[in-house]
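One-letter residues, chain by chain:
There are 2 protein chains.
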Amino acid sequence: MSRNIIEKKEILLETGPAEPAVRLFVEKSLGEGAKSRLEPVAGVARAAGFPFLAPPFAAITVAMSEIPNRSLLPILRPESVAVIGASDTPSRIGGRPIHSMKTMGYGGRIYPVNPRRETVQGLTAYPTIRDVPEAVDCALIAVPAAIAVDAIRDCAGRGVKSAVVFTSGFAEQGEDGARAQAEIARIARDSGMRIVGPNCLGVFAMDRGWYGTFTNAPDMLDLPPGPVGIVSQSGAYGSHVLLVAQKRGVGSNFWVTTGNECDVDLGEVIDFYAESPEVGIIAVYAEGVCNAGRLRQALGKARDARKPVIVMKVGKTDAGARAAASHTASLAGSDAIYDALFRQTGAYRAGTTEELVDVAYACQYGSYPTGRRISLQTISGGGGVQMADDAVRYGLDVAPLPQPVQDRLKALIPFAGTNNPVDFTAQALNEPDLMLKNIGLTIEEADYDSHIVFMTSVPATPFMKKPCADLFRTVRERWPDVQMIMSLVGGRDVVEAYEKLGYPVFEDPSLAVRAMAALTRFGDVFGRTGDSAPPAAPPGMLPAPAEAVGEHEAKAILASAGIPAVRESLAATPDEAVAAAAAIGGPCALKIVSPDIPHKTEIGGVLLNVEGDDAVAEGARTLLRRAAEQTPEARIDGVLVSEMVAGGVETVLGAVHDPAFGPAVMFGLGGVFVEVLEDVSFRLAPFGADEARRMIGEIRGRALLDGVRGAPPADLDALADALARLSVFAAANAGRIESIDINPFVALPKGGVAADALIVPRTAQ
Amino acid sequence: MSRNIIEKKEILLETGPAEPAVRLFVEKSLGEGAKSRLEPVAGVARAAGFPFLAPPFAAITVAMSEIPNRSLLPILRPESVAVIGASDTPSRIGGRPIHSMKTMGYGGRIYPVNPRRETVQGLTAYPTIRDVPEAVDCALIAVPAAIAVDAIRDCAGRGVKSAVVFTSGFAEQGEDGARAQAEIARIARDSGMRIVGPNCLGVFAMDRGWYGTFTNAPDMLDLPPGPVGIVSQSGAYGSHVLLVAQKRGVGSNFWVTTGNECDVDLGEVIDFYAESPEVGIIAVYAEGVCNAGRLRQALGKARDARKPVIVMKVGKTDAGARAAASHTASLAGSDAIYDALFRQTGAYRAGTTEELVDVAYACQYGSYPTGRRISLQTISGGGGVQMADDAVRYGLDVAPLPQPVQDRLKALIPFAGTNNPVDFTAQALNEPDLMLKNIGLTIEEADYDSHIVFMTSVPATPFMKKPCADLFRTVRERWPDVQMIMSLVGGRDVVEAYEKLGYPVFEDPSLAVRAMAALTRFGDVFGRTGDSAPPAAPPGMLPAPAEAVGEHEAKAILASAGIPAVRESLAATPDEAVAAAAAIGGPCALKIVSPDIPHKTEIGGVLLNVEGDDAVAEGARTLLRRAAEQTPEARIDGVLVSEMVAGGVETVLGAVHDPAFGPAVMFGLGGVFVEVLEDVSFRLAPFGADEARRMIGEIRGRALLDGVRGAPPADLDALADALARLSVFAAANAGRIESIDINPFVALPKGGVAADALIVPRTAQ
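Taken in order, these protein sequences are the chains called R and X.
Residue 537 in the working numbering sits at position 353 of the first sequence, with consecutive numbering throughout.
Residue 401 in the working numbering sits at position 217 of the second sequence, with consecutive numbering throughout.
Think of the hints as simulated: they come from the structure by calculation, not from any bench.
Everything numeric in this text was worked out from a predicted model, so none of it was measured.
Don't take every hint at face value.
Pairs involving identical chains hold if they fit within one copy or between any two copies, as the list cannot separate such chains.
Unchecked claim - Derived pair list, reagent style DSS-like, types lysine-lysine, alpha-carbon separation capped at 27 Å:
| hint | residue 1 | residue 2 |
| --- | --- | --- |
| 1 | K650 | K431 |
| 2 | K649 | K431 |
| 3 | K286 | K684 |
| 4 | K649 | K286 |
| 5 | K649 | K485 |
| 6 | K934 | K485 |
| 7 | K594 | K649 |
| 8 | K431 | K684 |
| 9 | K594 | K485 |
| 10 | K621 | K594 |
| 11 | K621 | K485 |
With the hints as extra help, turn the sequences into a complete structure.
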């Protein structure tokens, strides 16, 4: 398992009674490039008062102790705003927000602060925040880094409720900046003034004309406020997503860039969106997360509110991670753990901006298929083939139409493809009514959860424009709740006409399928109301050991948590081993047991398929001798005599402590699957059996569990139960465990057993 | 291996002296849905005079014997055109081509043929083709199916050089249609008149105003003729690709839809494009290929002409394949073999229309990186992270800038990310000259093969529009040959300004990276001039056997082809086995040898690690007894005594006869890799060692060959040599072999050996 998990370590430092505990997370990269990734972040560690850490300690982040989730209303719904560093020039950072608010009709009170001017852009200016006649809801900080901290402190002193700090030059720019940023964070904590940034592009709420941002984007917004709430750690990328979304017809009301996140972070904004009635869909751009607990909770809250969350999380690869480290002061956590989080909370992870925006676009129509059965209808056979390929790839079910329906379709258009995809053929162009009949039969006489209709350019051609629009208006009127995406190519007017009829429109049929698959996934996630809870910890569940223990004890501890192990007993002498083997019956495995020998095979400490009294006695002697010779200092508990498990599939169940997300559980198949293919899936602990089943279903080699070459299928219920119980054990022992390997856990046709186990306590490292 | 390869069979039928040989290809599907896929094609087989084939023979195609590659000039460069079934109404199928040609300025002669009219759209009409005053270059057939065959025969009789048959109702619509289509094919063969279609949407050549098509698309074309030649088997999808391409700024001169391909097919059109000076890039939409040899040759010709070919081949999955069968009368060949063909010939396989069009768009700039080192430059750190993730995913090398260059960049913008991606930061907005210096240093002082610059909306903002345009004009002037893609979001005017400067423009940075990766792949493919040739067949290479042979003989035959095998000898008696084992020395494997027992393990016919005279003698006796008892009718050659190979990695080398493409060679790793993960790669035989190395590099489990858990790496040269030699053997024995399994071929740290082999002759099925 160690090949797949980057080693991580968390050091808890009490920094003094006046300050909260500060946790320092250290990631020990096993890959290359550790040194190059170290440099940008070493300054952060030094600035935070920690000694410089030499490679291979490569990525570092400092997370403050949790701040209670106070409201973000003063930031997103301010009734009064002060602009510190206000400028009379609309193009300047301190001028643009005032200009935008004035032109976009902000209804609240604006107080420019500038000691050198009487007025700014026609508004009365104030020399300092102390001179502003009220304690404003929000202060925009647009002064250079050298004076920003003082300005923020002054705001806090004046009772300002929140601040959005545009100023850059903090943790992203080395040691001094990190120190200054820590000071800003301290001001936020001490005063209760909420702070967005520093090094951010600001926030906006379009419906109130509130533009606490210096981006040019407001000039380019041509859609009315819409249901997509955007939050981005990167300012420039946040603007990019916003503008691409606008071009795609995806409207946003709220937009927040969180920058260096000294106080308000991604999770808290998502939490706000989950509660906000103005937000129906949440689009997230993330680079790295400090407060993992808040993020997890917020994603769960959004799911419970049936609000789809679409996340673009970058920094997947080594080169990507390097760039993330140099861009923000946040740690890019292990990508597999992020994946686990998103899968578990039902967030959709988009790979590209286009995918993020496309899925948000489709979600705007506000309903989600409740099953995977998709009907594909097409004016072009080729388009049908393409969509069918894609649907299968995205896990949708291109179920054939029932034969009687096919027969009726055949009667309508003799040479139409009627199976699924249904191919209208060019005949439909001559008789558009045929399409209506076709579509109607498919909707009424079959049991599909969703439909895609590929019309290519037909709805845009002069002769077909009106008949097509009439047809699809009728479809929408007769079957208002049907899930249907249109794929067509045409001008903006044609696209908008179909959008107004309630059809999401995609030019590329493949991307239409991808979007429908995403909607279907949300439908599945929102429908998981009966998901099994994590199993209760068995009475008498033992705690994780504080010190290294041998395999035998590890299995006993896990057995107390409900994870079955092979029959075995520990023998102190060869004679005891003989007796133990006789009690088990049949061939046995003999293994040396010592808390000081975690890797038994390396000293030849394992013998398999030993049978017969003489062989068992001789085997036990051999193991004891090898241990004494090769590891003379090791404490030897004895020889473990275990039954040999026949048949079954070797799997690996593991747990690991992620420095950001806490205990996570891993599943994989034994042998090359874990070691070469890194074919594993993760979930954050704890979880129930349903989640465990999904986890098992994600691995590429899952066919092995269904039985290959005539082998019987593995007992997936037992396997899922063991995973869920391991997650409960890991969660109950968070902070005590560095990692657990159950390798192998043999998944049998009925049940399953742990054949070997290793528990590494956190203090053991 | 059989799990991965659909069983296929080719039956060669001599249909009489007057007709060419017709090959009937039968695909035996092992998947579900065989019956549903059978129906649409059974009629084709019957129509072609073959008996109905019951399931599981599921997909059938009839390929005529090869037609010499005559020129397509009369189809794409006609100087005179007759329209059979000409209509006065511009919206009708027989009216639209005339209308299009008249309005688009066709310079040739147009002869409407319509017995009921004097004139058509102002042109003199003729009652029949015989009355037309010249033997035209091309006749468009726009009459109903019932009279189409006669019309085509009349054209041939009149000496018409080519025909484009719009009419549908042929092989795609059952048995009678297939019979009629066979008649059209016969006319083409007998007369030499080239025929496109039937059931096609036609062809066009924009530069001459030649619109031999009834699609509406000509009305929607707003770009001048461009270098992308489009060919599509599907008419409607061909139009879709054309229109999406137009919207993306991708211009086409030639456009051909091939429909049912009774004569002119995809391969021949690609061949024409490869030779045509008007075509620089070839975009292909394919559903299934009949004449595989011509396609392979054409793709090779395009590559040699340095013309990128971008292919969308649908019908990958079961559901997709079902739709393909019901849409055209062509056979969707095994997808793995198509992949092999495209990889081998350097064609780029696009997964979506968007990808097809995006890559063609980027190719329009006409140059290709010669290496994988990519420089990423960005105004947004987030965009940089995203691009770095994508670049790694697409196999590009995000190599760091040399440290001295980084130092110089740091001196320019102190807090810029300087590693790679280079992050200009917002500072660049204040001083655009810094960007120029940054870009210049990256180009001049480092050794990158390509560059992507992510500018998001900056080039579209009022204040930055001009400085940005000036900057990138200067970049283009100073470094005219640099490979650089821009990623930005802005209006059409902004995009066009950068395109005119010679930059491909992408809104989504991820798609920019995908396109650059595609250009890089073409650069690699075009640079493969020194690729190793297939090795020469060794003198004395034995022919493939005509009958089933035992493992021993199979290895001996393959050894004669240069594929090394384990040391072994065949023993007729237990005593001979003892002598053989003694000669080999050390532990041996004993195996029963019989041409009638292909699967030895099923009768317990293999014993491993047998050592010592008594054990060998006893083992040989056991095997002979088991064979006699369990397969009394089998011919027993004896017991094979083989050395046990220690260490190494078990691989599978295979060969298979693909009914469309002929002999293909497979590579995979042993065990679960082939059986569960289907982790294999294919190439068409023959090929050289360089291609074999690429093939080895494609499998997911390739890390196993590099050595895991301290194992030494496998000898990839030896492995590649064995694959290349197997391909030479398979090619030399095309038509004689159904399949070959070398399983395992043990790849050793030095060399490699076949430990078991099976050759299935074609007549054996």
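Status of the hints after comparison with the structure:
For the identical chains of this complex, K650 and K431 are neighbours both inside a copy (26 Å) and across copies (22 Å), given an alpha-carbon limit of 27 Å. In this assembly of identical chains, K649 and K431 lie within 27 Å of each other by CA distance both inside one copy and across copies; the values are 24 Å within and 19 Å between. Within a single copy, K286 and K684 get their C-alpha atoms no closer than 32 Å, and across copies no closer than 38 Å, so neither meets the 27 Å cut-off. In this assembly of identical chains, K649 and K286 lie within 27 Å of each other by CA distance solely across copies; the values are 24 Å between and 43 Å within a copy.
Taking the closest pair of Cα atoms, K649 and K485 never come within 27 Å of each other, the shortest separation being 44 Å inside a single copy and 42 Å across copies. Neither within a single protomer nor between protomers do K934 and K485 lie at most 27 Å apart by alpha-carbon distance, with minima of 37 Å and 58 Å respectively. In this homomeric assembly, K594 and K649 come within 27 Å of each other (Cα to Cα) only inside a single copy, at 26 Å, whereas the closest approach across copies is 58 Å. Within a single copy, K431 and K684 get their C-alpha atoms as close as 16 Å, and across copies as close as 23 Å, so both meet the 27 Å cut-off.
Neither within a single protomer nor between protomers do K594 and K485 lie at most 27 Å apart by alpha-carbon distance, with minima of 48 Å and 43 Å respectively. With identical chains, the CA atoms of K621 and K594 are at most 27 Å apart within one copy only, with a shortest distance of 12 Å there and 67 Å across copies. Taking CA atoms no more than 27 Å apart as the test, K621 paired with K485 passes in neither setting, with 43 Å inside one copy and 48 Å between copies.
Checked against the numbered hints above, the structure breaks hints 3, 5, 6, 9 and 11 and satisfies the rest.
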